[in-house]
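Engineer: Put together the whole structure using the sequences plus the hints.
There are 4 protein chains.
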Amino acid sequence: MQYQQILDTIKAESLIRSNTGEVASYIPELAKIDPDKFGMHLYCINSGHYGFGNEDERFSIQSISKVFSLTLAMTLLEDELFERVDVEPSGDPFNSLIQLEYENGIPRNPFINAGALVIADILVSAIENPKQKLLDFTRKITGNPTIDINPKVYDSEKKHSHRNASLLNLMKSFGNIKNDIETVLDLYIYQCSIEMSCRELATAFMIYANAGNTLSDNIQVISPRKIKRINAIMQTCGFYDEAGEFTFRVGLPGKSGVGGGIASIHPGQYAVTVWSPPLNVKGNSELGMYALERLTTLTGFSIF
Amino acid sequence: MQYQQILDTIKAESLIRSNTGEVASYIPELAKIDPDKFGMHLYCINSGHYGFGNEDERFSIQSISKVFSLTLAMTLLEDELFERVDVEPSGDPFNSLIQLEYENGIPRNPFINAGALVIADILVSAIENPKQKLLDFTRKITGNPTIDINPKVYDSEKKHSHRNASLLNLMKSFGNIKNDIETVLDLYIYQCSIEMSCRELATAFMIYANAGNTLSDNIQVISPRKIKRINAIMQTCGFYDEAGEFTFRVGLPGKSGVGGGIASIHPGQYAVTVWSPPLNVKGNSELGMYALERLTTLTGFSIF
Amino acid sequence: MQYQQILDTIKAESLIRSNTGEVASYIPELAKIDPDKFGMHLYCINSGHYGFGNEDERFSIQSISKVFSLTLAMTLLEDELFERVDVEPSGDPFNSLIQLEYENGIPRNPFINAGALVIADILVSAIENPKQKLLDFTRKITGNPTIDINPKVYDSEKKHSHRNASLLNLMKSFGNIKNDIETVLDLYIYQCSIEMSCRELATAFMIYANAGNTLSDNIQVISPRKIKRINAIMQTCGFYDEAGEFTFRVGLPGKSGVGGGIASIHPGQYAVTVWSPPLNVKGNSELGMYALERLTTLTGFSIF
Amino acid sequence: MQYQQILDTIKAESLIRSNTGEVASYIPELAKIDPDKFGMHLYCINSGHYGFGNEDERFSIQSISKVFSLTLAMTLLEDELFERVDVEPSGDPFNSLIQLEYENGIPRNPFINAGALVIADILVSAIENPKQKLLDFTRKITGNPTIDINPKVYDSEKKHSHRNASLLNLMKSFGNIKNDIETVLDLYIYQCSIEMSCRELATAFMIYANAGNTLSDNIQVISPRKIKRINAIMQTCGFYDEAGEFTFRVGLPGKSGVGGGIASIHPGQYAVTVWSPPLNVKGNSELGMYALERLTTLTGFSIF
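Chains as they are written, first to last, in my numbering: chain W, 38 to 341; chain Z, 38 to 341; chain X, 38 to 341; chain C, 38 to 341.
One should not assume that every hint holds.
Chain copies aren't distinguished; within one or between two, either way the pair holds.
As the list claims (entries may be wrong) - Taking lysine-lysine pairs in the DSSO-like style, the calculated list, with each CA pair at most 30 Å apart, reads:
1. K215 / K69
2. K195 / K48
3. K168 / K319
4. K263 / K48
5. K195 / K215
6. K196 / K319
Derived from the structure by calculation, the hints contain no laboratory data.
Structural biologist: Listed below in structure tokens is the structure:
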């Protein structure tokens, strides 16, 4: 089958599926999203763009932004970064304080909230105006200067950030947060409120499929060695407590967000994104998981 | 560099490295192994065999056997197998009862001890004489009818199996063990006491690199779809509490054993095995981890 | 109010109360008990016996036997006993393996299952024919040679002991069980299947209220110092995960069993027992807890 | 022996004991205390005051203040208070976030930090100027208007309160903190920095031994029923992870603080306090524990 045929098949199959997920409700602004939004976009190194549905409508990328902040931090720092955050999968839910307490304030990986907060702290230490820099970085790898945050989501998350403030205070007590808690929390909330469409997100994720280079203008954003490491972390840690399931069923590195988006890549082949707001009990887009499983099944190949 | 050059480089680098690991001592028979044993074998789909050191000396494969028992079980059963064992990485040490208790007797994955014991229980239910059948299966994929267990290791483990008996009793209390505990434990200990050399193990692991086919006589042992799933589980769960680190540093699916062996594969490319008895604090061969990291660094490619 | 008036009041109040508890069902033989059984017996040092309801019907004392086995062990050993079992309350349910694993096989206290199994192991090491000896000890402090086990309960528990076998194997792997697992488990199940009435149990518990002496024939069974220590453990650990609640509401040392019995004492004053099979979610007799709370409220005094 | 003789004996025994504890160092101001300070004061309902050593030197009462804040809250509220904080012992260290996360933001008891912070939140909601009110309450039960905080300790703790801020944020995310985090934290730090001598503390604690009445001027501060409940909580939860050990060895309700103080009572008999800064590994005064154990051993009676 051709890629567009495969995507059409996935769309058709998905629309007749009963979806039992629920839209994230812990942030009021996210709870307002139409649960029927559904879009997918596939960007192949060799053959360009394919897609369907709401592929051009922007949504809140939420935790997918953790990949961008990690990437920016890795362009600035070498492996010393991994003395402050580990690369092991976490068996616990995404905002758990438990492992953090047992492991003396060193988060399990950069994609659980605690780890992303440490990355935010590293960015605050390393660069001036990290909010603007991170937004600029996202615009650069997307090749689109109009990417921006959603100010309503930003304000809404500001009011519901006690859990992350708890994580920051705990890590600060262990000495693993260096800057002012409010500043670090502000950067983290800012990055989570960035909005992108499936097409934009697939374009940005092309650097992970293309050895660190943007495809359109061929800029080397980060080294191939570092891209491999980021992909490895996405593989084992990209889906909270369901990373094994995603690896098992889909077989590609990827990262999900509670806005209902998933971005995934096949190194050397393509970047793919899907958006459907209802989440399964593990916090990942239910239809998005299904669509990506069908993609690797119908194409017949994954990284394994 | 050519493959043999790469292996020679790894050997040279490894020999001047100070090794801080310790040989597994919880089973007396394993504690007797010469810690200086060191061998590596690379078996490429396109270009055959490369190796060095004690590559032809047999050692106790221990937990690497869990890959073979899972594979045999998956040839007999479809996805209902995964109702009794999950595919998620475990943040806890390999014999932990904690997650098992929280999760009502469903092990996190088939490569922690609890999960491998459930697989053993499944084999006891599904086939007659499972010990012989599992040995035959191992001989078949290796193409070598002389593969066998080490009876001293088998006897030694029999006397030190209270931890596994504890896991079995706990899972039986949750209804997730169907057969007699002694029978299941016996099969498990039997499989762990199989001995193979690096060369033999690389030959056996070729089915995971070669879409389910043996390379020498091209027998389809298991479907490509199932092989992908086993590889995915090896990627996220193959190294106890260090699966993320292995994925991060090496970037290949693999499985380690406390005998000091590691078997790993690059799908479509090669199977590779290394043996060095001293283990790091996470229970994986210290030098083996290093050798495989150097392999993907020097060849310049992993699955990511 | 006089004691008998107080008991009559408790009976009247209890009978009009809606009871939401459920009879223990994990052992089939226990599940057969009539949930409406209800008896209470108060044995005062100064004024003798008071009671009502099914106070003379024997029931399975279950975990209340842990007090007798600990007492027998403490008559045989000094404080070295507490190197193998701690005296701290456990925040986890009564058969939890979690704390045991974190704390290297040393149970939190002698009244959780793991701790009682260590005490059973100590008795197996210390005396010949410990089953008979423990029964004899119970008969002696009760002054009643007809006390015996219920063989149906004994047989029924034998078939449902995987959880305790799991605990024993785990502790054996840590070196904290010295004898054969089957032998220790057999003693434990035997002691749990002892049957006594409220009157008999209050008579036996008089040694804890009366500084180690039986009241009828004034035999010093154990020293006052040791009785104080047992009472202290009953206070902090006698009610699984509800020890604080019992101390808070009732204010007396005591021990409950899943058969629906509770035995409690006021040092220097009385022993009191109550039996009502339906258990609350924490595994303690719901009506029994209420009756004892009313007793200390209506008498106006507890140990605090 | 007479009480003063007993105290003299304890003093003599204590001075020749080797003390392996360490002065609390997590707050710089506390770390400056002379480790050789040692005082004890016994205040008997029937026979007045006894003491020795630095019994009249004020020290930081720290967590002992949790008893006063709970008492004040219980004078203002009925049992609805215990919907927001439980009364069960905690198996974990005093500032653990783990149980709090498992138990949805309801602290195990009012004497772990999380529970004391909920009590502080309750006081902030219930009264105006809670800092002054709590200080006034302490002065009233002590009969001494000069009791005050140590401003250096107060300032020092302000700078080292990330762990408590983490607890507050976590509970706020569960809805169990109603007021501004800074305000609640400020009250908590304020109460911990109150300074009292052993004599003053024993005088204040007399209300717990004397059914809620001050002894000197016989003011009913709180009802006997509520005092019994506070004493019960002190018994099961007063010594962090060592409450069972204290109950076992000493057999009295009490509360310790990291400043090295312990206050304890025998209902109907006496209040007793001891101060020695070096703490054991569980965070309780090492010599204080010993002195109180000797007191109940030499007097020959405890509540059990």
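Engineer: Next, verify each hint and record whether it holds.
Structural biologist: Consistency of the hints with the structure:
no. : hint        : result
1   : K215 / K69  : between (36 Å within a copy, 26 Å between copies)
2   : K195 / K48  : neither (36 Å within a copy, 54 Å between copies)
3   : K168 / K319 : within (29 Å within a copy, 38 Å between copies)
4   : K263 / K48  : between (34 Å within a copy, 25 Å between copies)
5   : K195 / K215 : both (21 Å within a copy, 17 Å between copies)
6   : K196 / K319 : within (24 Å within a copy, 37 Å between copies)
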